[in-house]
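There are 2 protein chains.
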Amino acid sequence: MVRGPQGRPRSRWVSFIEWFNKVIMDAEVYDYRYPVKGAYIWRPYGVAIRRNVEALIRRLHDETGHQEVLFPVFIPYEFFSKESEHIRGFESEVFWVSKGTGGEERLVLRPTSETAMMPMFKLWIRDHTDLPLRVYQIVSVFRAETKMTHPMIRLREISMFKEAHTAHADRDDAERQVKEAVGIYRRIMDELCIPYLISRRPDWDKFAGAVYTIAFDTIMPDGRTMQIGTVHYLGENFSRVFDVKYLGKDGQMHYIHTTSYGISERIIASMIAVNGDDRGLLLPPRYAPIQVVVIPIMYGEDQSVLNYAKGVSGELLNAGVRVHVDDRRDKTPGWKYYHWELKGVPIRLEVGPSDVKDNAVTLTRRDTFEKYAVERSNVVDAVRELMKAIEDNMRKSTWEWLRSHVRRSSNVSEAKALLNEGGVVEVPWSGDDECGRRIMELTESDALGIPLDTDETPSDLRDAACSEKKAEYWLRLSRRY
Amino acid sequence: MVRGPQGRPRSRWVSFIEWFNKVIMDAEVYDYRYPVKGAYIWRPYGVAIRRNVEALIRRLHDETGHQEVLFPVFIPYEFFSKESEHIRGFESEVFWVSKGTGGEERLVLRPTSETAMMPMFKLWIRDHTDLPLRVYQIVSVFRAETKMTHPMIRLREISMFKEAHTAHADRDDAERQVKEAVGIYRRIMDELCIPYLISRRPDWDKFAGAVYTIAFDTIMPDGRTMQIGTVHYLGENFSRVFDVKYLGKDGQMHYIHTTSYGISERIIASMIAVNGDDRGLLLPPRYAPIQVVVIPIMYGEDQSVLNYAKGVSGELLNAGVRVHVDDRRDKTPGWKYYHWELKGVPIRLEVGPSDVKDNAVTLTRRDTFEKYAVERSNVVDAVRELMKAIEDNMRKSTWEWLRSHVRRSSNVSEAKALLNEGGVVEVPWSGDDECGRRIMELTESDALGIPLDTDETPSDLRDAACSEKKAEYWLRLSRRY
Numbered sequence: 001m002v003r004g005p006q007g008r009p010r011s012r013w014v015s016f017i018e019w020f021n022k023v024i025m026d027a028e029v030y031d032y033r034y035p036v037k038g039a040y041i042w043r044p045y046g047v048a049i050r051r052n053v054e055a056l057i058r059r060l061h062d063e064t065g066h067q068e069v070l071f072p073v074f075i076p077y078e079f080f081s082k083e084s085e086h087i088r089g090f091e092s093e094v095f096w097v098s099k100g101t102g103g104e105e106r107l108v109l110r111p112t113s114e115t116a117m118m119p120m121f122k123l124w125i126r127d128h129t130d131l132p133l134r135v136y137q138i139v140s141v142f143r144a145e146t147k148m149t150h151p152m153i154r155l156r157e158i159s160m161f162k163e164a165h166t167a168h169a170d171r172d173d174a175e176r177q178v179k180e181a182v183g184i185y186r187r188i189m190d191e192l193c194i195p196y197l198i199s200r201r202p203d204w205d206k207f208a209g210a211v212y213t214i215a216f217d218t219i220m221p222d223g224r225t226m227q228i229g230t231v232h233y234l235g236e237n238f239s240r241v242f243d244v245k246y247l248g249k250d251g252q253m254h255y256i257h258t259t260s261y262g263i264s265e266r267i268i269a270s271m272i273a274v275n276g277d278d279r280g281l282l283l284p285p286r287y288a289p290i291q292v293v294v295i296p297i298m299y300g301e302d303q304s305v306l307n308y309a310k311g312v313s314g315e316l317l318n319a320g321v322r323v324h325v326d327d328r329r330d331k332t333p334g335w336k337y338y339h340w341e342l343k344g345v346p347i348r349l350e351v352g353p354s355d356v357k358d359n360a361v362t363l364t365r366r367d368t369f370e371k372y373a374v375e376r377s378n379v380v381d382a383v384r385e386l387m388k389a390i391e392d393n394m395r396k397s398t399w400e401w402l403r404s405h406v407r408r409s410s411n412v413s414e415a416k417a418l419l420n421e422g423g424v425v426e427v428p429w430s431g432d433d434e435c436g437r438r439i440m441e442l443t444e445s446d447a448l449g450i451p452l453d454t455d456e457t458p459s460d461l462r463d464a465a466c467s468e469k470k471a472e473y474w475l476r477l478s479r480r481y
Numbered sequence: 001m002v003r004g005p006q007g008r009p010r011s012r013w014v015s016f017i018e019w020f021n022k023v024i025m026d027a028e029v030y031d032y033r034y035p036v037k038g039a040y041i042w043r044p045y046g047v048a049i050r051r052n053v054e055a056l057i058r059r060l061h062d063e064t065g066h067q068e069v070l071f072p073v074f075i076p077y078e079f080f081s082k083e084s085e086h087i088r089g090f091e092s093e094v095f096w097v098s099k100g101t102g103g104e105e106r107l108v109l110r111p112t113s114e115t116a117m118m119p120m121f122k123l124w125i126r127d128h129t130d131l132p133l134r135v136y137q138i139v140s141v142f143r144a145e146t147k148m149t150h151p152m153i154r155l156r157e158i159s160m161f162k163e164a165h166t167a168h169a170d171r172d173d174a175e176r177q178v179k180e181a182v183g184i185y186r187r188i189m190d191e192l193c194i195p196y197l198i199s200r201r202p203d204w205d206k207f208a209g210a211v212y213t214i215a216f217d218t219i220m221p222d223g224r225t226m227q228i229g230t231v232h233y234l235g236e237n238f239s240r241v242f243d244v245k246y247l248g249k250d251g252q253m254h255y256i257h258t259t260s261y262g263i264s265e266r267i268i269a270s271m272i273a274v275n276g277d278d279r280g281l282l283l284p285p286r287y288a289p290i291q292v293v294v295i296p297i298m299y300g301e302d303q304s305v306l307n308y309a310k311g312v313s314g315e316l317l318n319a320g321v322r323v324h325v326d327d328r329r330d331k332t333p334g335w336k337y338y339h340w341e342l343k344g345v346p347i348r349l350e351v352g353p354s355d356v357k358d359n360a361v362t363l364t365r366r367d368t369f370e371k372y373a374v375e376r377s378n379v380v381d382a383v384r385e386l387m388k389a390i391e392d393n394m395r396k397s398t399w400e401w402l403r404s405h406v407r408r409s410s411n412v413s414e415a416k417a418l419l420n421e422g423g424v425v426e427v428p429w430s431g432d433d434e435c436g437r438r439i440m441e442l443t444e445s446d447a448l449g450i451p452l453d454t455d456e457t458p459s460d461l462r463d464a465a466c467s468e469k470k471a472e473y474w475l476r477l478s479r480r481y
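Just so you know, the protein sequences line up as chains Y and A, in that order. The first sequence finishes on residue 481 if you use UniProt numbering, and the numbering steps up by one all the way, no holes. The second sequence finishes on residue 481 if you use UniProt numbering, and the numbering steps up by one all the way, no holes.
If we strip away everything but chain Y, and leave its shape as in the complex, we get (with noise of 0.2 Å):
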């Protein structure tokens, strides 16, 4: 029987992949029927879970000194070809926009910002005073995807891409905010209960423009992992190609050092998928769009179970909690319950002839499906703690899970049957690019990079593919989404 994350069973899966079409689709999350390839619905109930999670990230970004702004979708050619790594890595997969008419300027639609925002980053500033200047979208981007499309996966159009782009003096104020940056989406995710293994990527992977690439991955229920952010130092990379300095303390002109990070639906992708179970899904308390719904055990046309289900949610409701009372007449409580653990509702709260006599409600955890009389006089403190321990076992399960899927192997052979096991398996490296391509090859995986997430090294180990080299690094090796 194949478990996930929870431990809990997933017996009915057939692939990972296909439990998640069916799961987000029945759920009414997403709608994947749209006749555009790569290009997908949110559905009310997917919509309301992401402004659950923009808040989240908004809220972040704002009381981190980034300010909120909108840019257009469209780029001029000219701009965006500017810096050669970056357009090299961008170019093959473009959308061009034309007009019927033609013998227009040439425009792409956005992949990523960064050649949009440096154009405005040299009117806006002018001297040190105007630094650091940290500004970040949530957006539409396009990606020209020639390799199959995944619904919330692998998107041509990434419809929730939140992108941060910032400007500073120096290196060192540079590198400052990539730590802020990479410590912000830590929060994110572990707000969101999504465990994640933090890696600086190989030179060969790095995002087009960068000095250096550092990652987010989360490990995928089957095994592969999924990039789930990215954060990029770019240094003077994009500055000197469009020529923004500024006039430094020292009467100077110097040009600016920038980065960029970005997140995506991913991040609702993999909570969905660390979280969710042969049921459907499992939402983080704090960020489902319901956490409780109420079940009245409705008998004939009696109203008294009805009124007292509605006491107890207005009470909830005055308490702060998102309730729901499904009082659906013509669906029966059994299709009520598989219809809301499907949905990933945290807590169900259900409400019987019993109960009203008893002045009491019974409550049932999404995760573990335990059961717990409450007396009413207590219902608001035990559905507060109960969301509190809802999440705190998602993210110690998750975590658990992702932990005991990272191994390591200093010998390659070894490294690719535990890579056909799935998860990540770190070996180790000399650092030496080469070395590092031969070792992906030997091991038939993609490189995550060095993890950032432990300052361990191997000590005393050769290159798991150069063993005239000594290893300085351990790498991290999986099989990609």
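Just so you know, these hints were derived from the structure itself, not from any lab. There's no promise every hint is true.
Claimed, not checked - Think about it this way: if two alpha-carbon atoms lie no more than 25 Å apart in a straight line, the pair counts; the simulated DMTMM-like pairs of lysine to aspartate or glutamate are: (1) Lys249(A) to Asp327(Y); (2) Lys99(A) to Glu145(Y); (3) Lys469(Y) to Glu414(Y); (4) Lys22(Y) to Asp130(A).
Said to hold, decoys possible - To give an idea of the interface, some chain Y residues facing chain A are shown, with a C-beta separation under 8 Å as derived from the structure: (5) Arg33; (6) Tyr40; (7) Ile41; (8) Pro119; (9) Ser159; (10) Ala169; (11) Ile297.
On a predicted model such as this, the values are computed, not experimentally measured, just so you know. Every residue gets a Cβ at the ideal spot worked out from N, C-alpha and C, and that includes glycine.
Model the placement of chain A on the given structure of chain Y, informed by the hints.
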């Protein structure tokens, strides 16, 4: 001297549009120096305004049973071209998308989403219990305008398009929805202190694919009108070509009736345009990102004024007022007054040494510049009352101005002379399309349509262009943005 809707001086205006462009740039709401025609940038202060306005839009739609969705920006040409009137109306102004490689499906960037929604409505709607279906989204839409573009007013990327799309069992229910939509838009405009005229557009100017179109227009300070919202009854025009039917209570299959209605950042543009003055913006207090700016008048290193100011602002913050303390030492109070007036903050709260001594503060309202000495213990109530008074005054004065710019005339040469002065002129009309077009020609104006905000009809008058015909309606004329 030119006077705006507030009756306050606008002497420095060379032209309305020049004032508008300058004020949105200087107040750092918007930046139109982006190097693509008709595609501009919302700066952080502008995004803050948008957030409040978008929250209003969402609230009013959510409260009335609309559900938020998010559709792709790409529409396959095959779908886009299905409805013949629709494609005829939009074809000349769509943007096409291609990959470098070619050979792909033909895609357009949505100019509006009827043809994206319909294939999904077909999947989502099975029987009468699925109706009415009401969805909306706030997204970018694209129109390859050939006319001159204007920042925030005439765009190629409209970045705050709220489009609602609804499906109904029959014409009655769809027209009930049309009325509800008009009601929602009234409330939005009222909240934002934008006065409006509601007209049924002449048939020759209805939405491409609609049975009829109801439009909201406001009058800009230069006397030209601007369309700020439209509501369309689409009948079975789209459901027939997309073959969207439902199983009725009668056991038969029926075509759905659809409506759509949209507003855009033009509501922010008009909120700014009708309420601003020589000194800059004036934002409706409940939608201003900063409602009260606190300016401590500091002398030397003494901290008492600043501490007092922070105490007052803390109190306002606790009372839910959005307050900002401008404690910069390198700017004079005069500079700060100018700066925050430009940004349209409704209330300025000054604190000087004498205020500290008297346990008082001084409030200045942005609309009339009247000053009030207020006891510190009363500051929260005073601010609340003043916000209400400012809002009431904004609404009252802009409505008075609008009403004074709607005039009537029963002959075309007088009407033309009045139109030259600006505003709206209503002339008697038979309802005949040919006569209507001739009226437009003779008065060198556009027809906004038939008033829906009054039941009055011309009594015993002849059509202004076709004197042989009896007038049945007033026809609203204007020069339009």
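Evaluation of the provided hints:
Proximity of lysine 249(A) to aspartate 327(Y) is assessed by CA-CA distance (about 23 Å); at most 25 Å being required, the pair is judged to hold. Taken as a hint, the lysine 99(A) and glutamate 145(Y) pair is honoured in the structure, with Cα atoms around 10 Å apart against an allowance of 25 Å. Proposed proximity of lysine 469(Y) and glutamate 414(Y) is supported: the alpha carbons are some 19 Å apart, at most 25 Å. Of the supplied pair hints, the one linking lysine 22(Y) and aspartate 130(A) holds, its CA atoms being roughly 22 Å apart against a limit of 25 Å.
With a least beta-carbon distance of about 6 Å to chain A, the hint placing arginine 33(Y) at the interface is held under the 8 Å criterion. For tyrosine 40(Y), the shortest C-beta to C-beta distance to chain A is roughly 7 Å, which falls under 8 Å, so the interface hint holds. Proximity of isoleucine 41(Y) to chain A holds as hinted, the smallest CB-CB distance being about 5 Å (cut-off 8 Å). The beta carbon of proline 119(Y) is positioned within 8 Å of a beta carbon in chain A (closest approach about 6 Å), and the interface hint is therefore held.
Checking serine 159(Y) against chain A: minimum C-beta separation of about 6 Å stays under 8 Å; hint holds. Here the hint on alanine 169(Y) is broken, as its CB sits about 19 Å from the closest CB of chain A, past 8 Å. With its C-beta approaching chain A no nearer than about 23 Å, isoleucine 297(Y) sits outside the 8 Å limit, and its interface hint is violated.
Of the numbered hints listed earlier, those contradicted by the structure are 10, 11.
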